[in-house]
Amino acid sequence: MLTSLYLDRASAIHRLHPVVKLFGLFVVFWSVFWVDRPLALVPIAVLLILAAQVAGAWPNFYAFRWFLILMIPPTMIEWMAVYRQGPPLIDFWFIHLSGAALRYGFGKGLRLAELLAASILFLSTTTVEDFSQSLINLRIPYRVAFAMSLAFRLVPLFMDSALTVVQAQRLRGYDFDQGNVFERLRRYVPAMIPVFMGALRRVNNMAMALEARGFGAGVRPTNLSAYSMTRRDVVACALLIVIGTVYFLLYLYGYGAVTP
Amino acid sequence: MNTEKLSAHPMAIRGVIPQGSRAPHRPATAPPSAAPRRAHELRLMWRNTRMVVLSVLTAALYAAVLVPFKVVPLIPGVTELRPGNAIPVVCSFLFGPAAAWGSAIGNMIGDFFGGVGPGDVFGFFANLAYGYIPYKVWTIVAAPDQSPVALTPGTLARYVLAALAASMLCADLVGWGDNLLALRPFWVLGNIIIMNNMVAAIVLAPLLLAAIYPRVRRAHLLFTDLMPEIEASARPRRLVGFAMLLGGEVTAWLAGNLVSAGYWRPALVPAAFNVAPYTRAVALTVSPAIVIAIIGMLLL
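If you read the sequences in order, they're chains H and L.
1 is the number of the first residue of the first sequence in the numbering used here; add one for each residue after it.
1 is the number of the first residue of the second sequence in the numbering used here; add one for each residue after it.
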């Protein structure tokens, strides 16, 4: 079971300041937001492919390959259903399919796939600690950022204990695969209860451990990893601003829109 | 040195602070009397370390059930089978505001395993509402100290109402947010999320709740035990909040569906916005109802 997408590499993207990486993710979101035309989305796709190559993130892209491909058709259909403009190729009952609708739907699908690709790239190059540090840098309260990073750490632990409980109950002859979907879901309840109770047993100990380490003592905590902005970060920021501006200009001058 | 002040500090009582050192400005777990009276419980809970831990556990449990099912998408890129959606409802009745934050954080962690996106910001707040509303609605529709696990028709009806109120606002917020960002039409997520949430809340959550609630109560880990300083606001105010929540979320859901599917073109929306794919028309029509629902939620 995949418990983290982070890939430990020494690439230039890995070495960027976490806030810059978060800004990069935002710039991709911002850029694709302004355009619907599939052709206008191609440069972002090329940039993402280049970045994946630099970051050595292909194993994660390979793991998500079917997801990246299969998410496009449903998104196309959703948007084609409501985009009722342009001369129709098929016009039957509620179906109004035009060339513009096809382009519009494909653009939307491509946009979602690019968003997913950007997030895979971000998660491949950013650790949980980097991410929570970037949240703190962005003035998210320390306790919230801490809760998030601690929860991240506990997820594999809980998944592991759930798996142990499932295996133990299978050994005792309990069949999790009997019945329809709802029946199967209900069959997992006896496996979830011990995990839940096991988690609750940790509450007091964890709270005491945190308080013993001065959690919430009002002093700004220090960090094991030190992050500073370097020239590389400044250059990356400048590039990202240029990309974001270009895409906004595409929208402003009407090059990003699909015309019926 | 002010020894009186030092000895009064809870960490000093536990022997955490060595003799002679200065007491920190703020205690790790503020005593009830030190908490500001007017602070909302969603803010107040961050002062209580046990509540922080419970929010962490809720988040981790939620994510731990969400993540394995990321590989079973019902519609790729739209939604997957989410049995984990039972966790926020169960935890809401147990841990109150900690469950609200826990489900918001847990959903975000779950998204990290399947790709994050701009819509996840709305997902964060939608799940906050999904974890927050059930226990708040329960305090209005049920008698004081009534357990949500009793198997009577009345209790079940109240439980379904609480779960439906939470699911609908969650669906409205995500559908509206993704529509605002032009990622997906409202009618897709606005309906799938309600269905997904309600299946988990009706099929799984009652079973989990029946097994866990009595044990948590015996262990004095219910949020009412951990945060006795939480005071319910006046009943008229809560009733107004409940009415605003229900009115706002039902209006948002109906308007979002009708406008995004092209069945209703509101006269108040400028003609330039009333064209397919209606993303701006949905944004204009649904936003006021969402605002009303959120105000109602905060008044509960």
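By construction, these hints were calculated from the structure, which means they are not laboratory data.
Treat each hint with caution, since some may be false.
As the list claims (entries may be wrong) - Cβ pair distances, simulated, as ranges:
no., chain 1, residue 1, chain 2, residue 2, range
1, H, M208, L, R235, 49 to 55 Å
2, H, T222, L, D225, 31 to 37 Å
3, H, N204, L, Y263, 50 to 56 Å
4, H, R65, L, R235, 43 to 49 Å
5, L, V121, H, V181, 29 to 35 Å
6, H, L249, L, F125, 50 to 56 Å
7, L, V121, H, P43, 51 to 57 Å
8, H, P260, L, V121, 29 to 35 Å
9, H, P260, L, P153, 51 to 57 Å
10, H, V181, L, Y263, 30 to 36 Å
11, L, Y263, H, V42, 43 to 49 Å
12, L, A150, H, E183, 41 to 47 Å
We put the CB at the ideal spot given by N, CA and C, even for glycine.
So, going through the hints one by one against the coordinates:
no., hint, verdict
1, M208/H with R235/L: 49 to 55 Å, "violated, 37 Å"
2, T222/H with D225/L: 31 to 37 Å, "holds, 34 Å"
3, N204/H with Y263/L: 50 to 56 Å, "holds, 54 Å"
4, R65/H with R235/L: 43 to 49 Å, "violated, 56 Å"
5, V121/L with V181/H: 29 to 35 Å, "holds, 31 Å"
6, L249/H with F125/L: 50 to 56 Å, "violated, 31 Å"
7, V121/L with P43/H: 51 to 57 Å, "violated, 25 Å"
8, P260/H with V121/L: 29 to 35 Å, "holds, 31 Å"
9, P260/H with P153/L: 51 to 57 Å, "holds, 54 Å"
10, V181/H with Y263/L: 30 to 36 Å, "holds, 31 Å"
11, Y263/L with V42/H: 43 to 49 Å, "violated, 35 Å"
12, A150/L with E183/H: 41 to 47 Å, "violated, 25 Å"
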